[in-house]
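Visitor: For reference, the chains in residue letters:
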Amino acid sequence: QQPVQSPQAVILREGEDAVINCSSSKALYSVHWYRQKHGEAPVFLMILLKGGEQKGHDKISASFNEKKQQSSLYLTASQLSYSGTYFCGTAGGAAGNKLTFGGGTRVLVKP
Amino acid sequence: DGGITQSPKYLFRKEGQNVTLSCEQNLNHDAMYWYRQDPGQGLRLIYYSQIVNDFQKGDIAEGYSVSREKKESFPLTVTSAQKNPTAFYLCASSIGERQHGYTFGSGTRLTVV
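As they're listed, the protein sequences go chains A and B. Position one of the first sequence corresponds to residue 1 (the numbering used here), numbered consecutively onward. Position one of the second sequence corresponds to residue 112 (the numbering used here), numbered consecutively onward.
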């Protein structure tokens, strides 16, 4: 099953913070986060592996709670360049790196 | 520079025609993937290949076919059996191990006319 992302959309002013959640009904080995600008390819942001780690990419960070099968992406002090659609991709316990993507969260950062 | 090249960028297909979307990578990645994206929606997996001469069906493989004769190339054929092929098609590659992210191509927008 596809992971569920929430919220579906968020509008921010520059400098504000936001959290995007990704929940799965299946046990997870890893969670990927990608950002896609309109009409472009998704760009890899970060990956979180089983073990509950937290990672950061500039002022974007993420956490992974494997017990709850959830990951959260934190946009801190948002910039205009953060606008786009954010997708989580999840990989289960089987070998390989096949990802199932969530439906996406549209983020719009306004001046 | 290393990357993934998808061609063409735009493709128009008549009803009943087969069309082939090209995907080439020079990243020396073992694994390659095809995803379909419909407007306002997420990515759905069509086919994937973890090694040359081997590939597996994804969640929506019906009406599509692939081949993986070379490590660098993973073409996708959209057959006439695919009843609703209009979509944005994305090819991706990865090292193949679970701790590595995907690199995506720039996509092919297919429209049925």
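Bear in mind the hints are in silico, worked out from the structure with no lab data behind them. One should not assume that every hint holds.
[Said to hold, decoys possible] Derived lysine to aspartate or glutamate pairs resembling DMTMM-like cross-links, with alpha carbons at most 25 Å apart:
#1 A:K68 to B:E208
#2 A:K98 to A:E66
#3 B:K120 to A:E40
#4 A:K98 to B:E183
#5 A:K26 to B:E183
#6 A:K50 to B:D141
#7 B:K168 to B:E135
#8 A:K98 to B:E135
#9 A:K110 to A:E14
#10 A:K98 to B:E180
#11 A:K26 to B:E180
#12 B:K168 to B:E180
#13 A:K98 to B:D141
#14 A:K50 to B:D170
#15 B:K182 to B:D165
#16 A:K67 to A:E40
#17 B:K181 to B:D141
#18 A:K98 to B:D149
#19 A:K98 to B:E173
[What the hints assert, rightly or not] Computed from the model, here is a short list of chain A residues facing chain B with C-beta under 10 Å:
#20 D17
#21 G89
#22 G103
[To be verified] Covered stretches of chain B, going by a simulated chain A footprint (3 or more residues, C-beta under 8 Å):
#23 152-158
#24 182-196
Where a beta carbon is used, it is the ideal one built from N, C-alpha and C, also for glycine.
Visitor: Which numbered hints does this structure break?
Guide: Checked against the structure, the hints that fail are numbers 5, 11, 16, 20 and 24, while the rest are satisfied.
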